[in-house]
Amino acid sequence: AQSVTQLGSHVSVSEGALVLLRCNYSSSVPPYLFWYVQYPNQGLQLLLKYTSAATLVKGINGFEAEFKKSETSFHLTKPSAHMSDAAEYFCAVSGNNDMRFGAGTRLTVKP
Amino acid sequence: EAEVAQSPRYKITEKSQAVAFWCDPISGHATLYWYRQILGQGPELLVQFQDESVVDDSQLPKDRFSAERLKGVDSTLKIQPAELGDSAMYLCASSRLAGTYEQYFGPGTRLTVT
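Those protein sequence lines, which keep their order, are chains A and B. Okay, so the first sequence: first residue is 31 according to this note's numbering, each after it adds one. Okay, so the second sequence: first residue is 40 according to this note's numbering, each after it adds one.
None of these hints come from the bench; they were simulated from the model. Predicted model only: the values in this text are computed from it and were never measured. Glycine included, every Cβ here is placed at the ideal spot set by N, Cα and C. Treat the hints loosely; a few may be bogus.
Pair ranges (Cβ atoms, derived) [what the hints assert, rightly or not]:
#1 B/TYR49 to A/GLU101: 26 to 32 Å
#2 B/LYS110 to A/LEU50: 41 to 47 Å
#3 A/SER82 to B/GLU91: 29 to 35 Å
#4 B/SER55 to A/SER58: 29 to 35 Å
#5 A/SER44 to B/LEU136: 41 to 47 Å
#6 A/SER110 to B/THR153: 41 to 47 Å
#7 A/GLN75 to B/ASP95: 43 to 49 Å
#8 B/LYS54 to A/GLU101: 44 to 50 Å
#9 A/ALA133 to B/ALA69: 42 to 48 Å
What the simulated footprint calls covered on chain B by chain A, stretch by stretch (three residues with Cβ under 8 Å from a Cβ of chain A suffice, anywhere in the stretch; the number is not a length) [stated by the list, open to error]:
#10 80-90
#11 141-152
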């Protein structure tokens with residue numbers, strides 16, 4: 031069985047500051063990991079995915095994530111936050127024919 | 040760029056009424072998913088189709104919910120009768136195949152039951 035835990039339901043950063051959203055996973059098989067972003071009253075948009083090709087994954091909008099097997103983590107980072115990054119972010123794990131989502135982290139960006 | 044289409048975007052209904060949501064996946068995607076997302080939570084899988092066959096409906100409340108994908112393309116999710124607790128966002132997603140392939144989501148249907 032797979033599961034993900036997102037640490038921190040709310041994260042607030044200043045514009046231009048580093049964004050760090052935390053995700054830890056549990057999986058009985060080699061995992062495939064994803065980060066999605068959701069804007070209010072919209073569906074989920076794929077930011078990036080880890081499929082075992084490289085541990086550092088670059089995604090859209092300047093986001094990247096690093097897979098660390100020893101820590102069972104897949105944290106999402108962006109060097110400099112922009113106001114348009116304010117949204118809900120979901121980590122997800124897949125590995126046994128289904129995908130499980132975390133509870134989400136709401137990112138607020140202060141001017 | 041191909042997208043998953045959903046309609047309606049918003050639906051307000053009274054409890055005990057019937058509601059239906061429609062989803063058209065990305066062309067060529069064999070796997071289709073319906074999720075329910077309660078405000079402040081992540082999506083939870085209701086039903087998964089592989090072509091026209093249901094492969095997972097273990098979390099679908101079958102006494103009131105039904106889903107079909109008759110020709111293996113578009114799909115309909117129905118609730119009858121609706122209850123207050125059904126108020127949520129209903130998301131449809133598709134992927135080329137099941138398993139480790141990324142899923143692409145539609146804009147969702149926001150259901151409010153009064």
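Here's how the hints hold up against the structure:
no., hint, verdict
1, B/TYR49 to A/GLU101: 26 to 32 Å, "41 Å, violated"
2, B/LYS110 to A/LEU50: 41 to 47 Å, "45 Å, holds"
3, A/SER82 to B/GLU91: 29 to 35 Å, "32 Å, holds"
4, B/SER55 to A/SER58: 29 to 35 Å, "42 Å, violated"
5, A/SER44 to B/LEU136: 41 to 47 Å, "42 Å, holds"
6, A/SER110 to B/THR153: 41 to 47 Å, "44 Å, holds"
7, A/GLN75 to B/ASP95: 43 to 49 Å, "24 Å, violated"
8, B/LYS54 to A/GLU101: 44 to 50 Å, "46 Å, holds"
9, A/ALA133 to B/ALA69: 42 to 48 Å, "29 Å, violated"
10, 80-90, "holds (count 6)"
11, 141-152, "holds (count 8)"
In summary, the structure is inconsistent with hints 1, 4, 7, 9 from the numbered list given earlier, while agreeing with the others.
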